[in-house]
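Chemist: This is what each chain is made of:
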Amino acid sequence: MNDMHTPPQTHSHEVHTGTVHLPAPTAWPILLALGVMLLVGSLVMSVWIGALGAFLLVVSAVGWFREVLPHEKHVDVPVQHEIVEIEPSRAGVARIEVDETHRAQLPLQTFPISAGIKGGIAGGIVMLIPAEIYGLLRYHSLWYVVNLLGGAGVAGWANPTPEQLTHFRLGAFITANIIQGATTLLVGLLYGALLPVWPRRPILLGGIVAPVLWTGLLHNVLGIVNPYLQQNIDWWSFAASQVVFGLVAGYVVSRSGNLQRLHQAPLAIRLGVESPGLEGHKTEEDDRR
Amino acid sequence: MDAPSTPIPGGIEGALDVTPQTRSRATYLEVLHDWVVTVDHKKIGLLYIGFALIFLVVAGLEAMAIRIQLAVPHNTFLDARSYNRMFTMHGTTMVFLVGMPILFGFGNYLVPLMIGARDMAFPRLNAFSFWVSAFAGIFLYFSFIGGLGLAGTGTAPDVAWFAYAPLTERPFSPGHNVDYWALALFASGVGSIGTAINILATVFCMRCPGMTLSRIPLLAWIYATVSFLVLVTISPLTAAQVMLLIDRYLGGHFFDTQAGGSAILWAHFFWIFGHPEVYVLVLPAFGFANEIIPVFSRKAIFGYPAMVAATVGIAFISLGVWAHHMFTIGMTSLGNTFFTLSTMLVSIPTGIKTFNWLATMWGGKLRFATPMLFSVGFLFQWVIAGLTGIMLSVSPWNWQLHNSYFVVAHFHYVLVGAILFMIFAAFYYWYPKMTGRMLSETLGKWHFWLMIVGFHLTFDVMHIPGLLGMPRQIYTYEPDRGWTLLNQIVTFGAVIQAVAMAIFVYNLVHSYFAGKLAGPDPWDAWTLEWSTPSPPPTYNFPVDPVVASRRPLWDLKHPEDPDSAFE
Amino acid sequence: MSTVPLQHESLAATWRLPSRGRVGMASLIVAECAIFTIFVVAYIYYMGRDVSGPKPHDVLEVPILGTVCLLSSSFFIWLAEHAIAHGNMRSFRIWWAVTFLLGAIFLGTTAQEWHKLITVDHLTISTNLFGTTYYSLVGLHATHVVVGLILLLTVLLFALAGKVRPRHSERVQVLALYWHFVDAVWVVVFTLVYLVGR
Ligand code: HEM
Ligand SMILES: [Cu+2]
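Quick mapping for you: the protein sequence lines, in order, are chains A, B and C. Read left to right, the first sequence gives residues 1 to 289 (the working numbering). Read left to right, the second sequence gives residues 1 to 567 (the working numbering). Read left to right, the third sequence gives residues 1 to 198 (the working numbering).
Take these hints with a grain of salt, some might be off.
Straight-line Cα separation of at most 20 Å, SDA-like style, residue types lysine to any residue; simulated pairs [to be verified]:
1) Lys516/B with Trp446/B
2) Lys43/B with Ala24/A
3) Lys55/C with Leu151/C
4) Lys163/C with Glu72/A
5) Lys163/C with Ala24/A
6) Lys43/B with Val31/B
7) Lys73/A with Arg171/C
8) Lys55/C with Gly251/B
9) Lys43/B with Ala27/A
10) Lys43/B with Val62/A
11) Lys163/C with Thr26/A
12) Lys73/A with Met206/B
13) Lys73/A with Val36/B
14) Lys299/B with Gly251/B
15) Lys73/A with His33/B
16) Lys163/C with Glu67/A
17) Lys163/C with Val20/A
18) Lys43/B with His33/B
19) Lys55/C with Thr191/C
20) Lys43/B with Asp524/B
21) Lys43/B with Leu22/A
22) Lys73/A with Thr191/C
23) Lys163/C with Phe65/A
24) Lys55/C with Met206/B
25) Lys163/C with His180/C
26) Lys73/A with Asp524/B
27) Lys116/C with Leu151/C
28) Lys55/C with Leu125/B
29) Lys163/C with Val62/A
30) Lys163/C with Leu22/A
31) Lys73/A with Leu125/B
32) Lys43/B with His71/A
33) Lys43/B with Ile179/A
34) Lys73/A with Phe302/B
35) Lys516/B with Ala498/B
36) Lys365/B with Phe302/B
37) Lys365/B with Asp524/B
38) Lys118/A with Ala27/A
39) Lys55/C with His33/B
40) Lys163/C with Leu151/C
It should be emphasised that the hints constitute simulated quantities derived from the structure, not laboratory data.
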């Protein structure tokens, strides 16, 4: 076509000849396939077709076997090629031009994974405080919130009374711990990865924005996930403990390192992180040497 | 702007294929013999594609019969039983005799060429797999004459493509038509598993020097993933077919509800296969997009590692969502929740892919040749189809719409709007490589625009009767439901699509004889298949290629600025 | 013109790829695992759901002999692999023959068990759910044993005729991989059918 680039070439004009081994064509696969199909088809047709199929199957299996053993049959195809040296003939490749300011402000570093884990654990523990305060004030029981999280309304324990919820129950305790542990840990890890996105205001993002967002989300979908929980949950104390989690986890995570941000870095580095092909290709090369 | 020239260690060398091409005239019989005994991956690929195209037309005609029947209330074009046969055969054919073979065909043709190999890992197994699938297809259609249905006359299967138990048990489906269905799928399953093993071994064991796993074209990655999915999903289907046959022939009770067997177990087994299967079909379409979009945007694909991760991620998630087809069968609320959430999870890796395609196009120099047109159509339609999928994955919503035309619209949006569109794109893109001639661009544009109009008329509108409560798989309806006009629009759209298909088929045939000569590299592309003559000789490459980057042909064409300098 | 890239030609010398036989066999095993999983799930699903007998507890006996034979054959085939890899053809033939024999004994015990179940206990595949699931799961495994035995026998005959050479070691190992898989599946089937399900 019109915009085809023929590579600039210098021919050596020396023709190399060689041979290529290719597997030899053979009829055994199609016969075997026919045999298999007839055998299968005999179930709806007649035994004689099955007998024919079995015969074909055995014959072609043996034939195939002899095709590959002791030596694979092959055909030799003669080929010729010339070695060509390719040299650049044109000035260069057009690059996409982008001006200096047109680029994302990316963080240069992220937090270590351990920061996320620590944050998750710390947040997970501290968030118990508002939740338990609510449970104690309202129902005078440590176990109410635990039971609510750990399985009330699911399967075997449908529709318990509030009274039942105030008593310790081992299954619910274990489930609640697993749920609490896993989610806080995962969210902690997520914080480690996510907070650098807004490096200047980690606490705002992690402590307020994120918890409010997911509390809102939960508020909407909880009815589908676990209607019982939806009916019995107290949204204000729930939101409070989420925010507490966010604040603590966010604080712990962002404490574990002062991230270097792009705009703090010297100009050279700021150019250096450019992906090749945008601008300032030279620095890329320099780094390499 | 002048780019500094970067010398490559060792310089860039190429090997020019100068083997003299001898053209001998062969008789028809010799040509036929050649094709029957061939083990060449390119020929087998073409056989797969040709076989699938024939069935595409057949199943398309079945679809037209369905649409004609539904065009007016109380229509008598088809009676209830033939209508059942039509949608059963349409669905079964499109999935097993069109979708899978056509994708395997492209895989067979392209994967070895793209990774610089001369053939598949097991060339004879390859031929065997194709022929088994082909015979299975012929066998399935033989049921029209041989099936022995109720009255002892020939009939095709009529139990829908998911063949729910216990309808498929002997007492409810006497005669042989269900047997034909089960046996044909069993045999074609054997073929698919064979090809999947072959593709996996090819991708891992046949790469040319330098073609590390982080450099193989994304299409090869996708085919490896798809093959893995085929292994773990077609096998359960095969196992379930064996169980069904045990029930029907040996008096077993797997799905025999009168003897304690469970109909729900069949549903589970079928959808454990069924859902990943739809990803088996759509992933190769993604693969085509991965190759076509960069070339027509003149930019390297954005986020190669993310694309690979998303592919593998989709494959794994798709193994855990099957019961979203079974919300109305009844599950615990835990089950409902789990399958709702896991289904929604698919949208994450899928979203990654979509954004990467957009980012590839962003700022690129777009060329809207026909392959690119179809790719853009695909992007747009795929997103909408994914959204209706998410809607259906919400269990309460699903209780309302399950088995309605809304579902039919959803999955045809994917199967036609995404998969078939990308298959068309692939035809326009690789046809020059396969035949040496370009497909006509003018006809291609007609094909594209008619397809777009017809597709949206049919499948956008089809959502509405679904929302109005029209169930799927009914052979006629009452005039007072308010569905009539909508159905007529749908049928009208189907007619337009049929015209577009006819143009496409005409284009394929006409261009083979009269198309513009293509040359080895008509699109100025970057992957290895374009370094061979068109069509490629049997041996593909005169010497083993040696590559140093993801875009070996870019390096070859631009030694002053090769990708390999940045890897 | 069609030009094949040849960058860094020196690389070609050090280029190593996994063996296609192994990758192919591993893929086949993945597919087989999926098939067995479905049958195992069906077995578990229908366990104890029968309303009419015979029940597993009344008729099944734990096939100790067969199990020991089959599982130990995995060890002997490993010895055989080892022998051929070191070019020791005599011991290869011996260990290979032992493997085949053990496999055959296993098949014999299964045949005996089925004979007893059918003639004495009147349990067939259509009797009840237990019969259906039991015969299909154990039968599926037995089918794999039969295929394995045919392949083992073929190699054995060629080995006795002196046609198997140390350079075939790779192919022999691929075959052995299949046999190991057949044994491993028996561990699952055995545990499920004879230990848990009884
Ligand atoms: C990859 C491309 C896809 C294909 C080929 C596809 C295909 C299908 C098919 C064939 C069915 C109907 C099965 C039947 O009842 O006969 C279906 C139903 C469904 N699909 Fe998709 N689908 C795709 C993507 C998605 C996505 C991305 C989602 C959600 C995120 C989704 C969610 C659903 C749900 C929930 C149903 C069940 C509807 C019902 O039967 O009530 N699908 N899809
Ligand atoms: Cu699905």
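Chemist: For each hint given before, does the structure comply? Return the numbers of the non-compliant ones in rising order.
Modeler: 3, 5, 10, 11, 14, 17, 20, 22, 24, 25, 26, 27, 28, 30, 32, 33, 34, 35, 38 and 39
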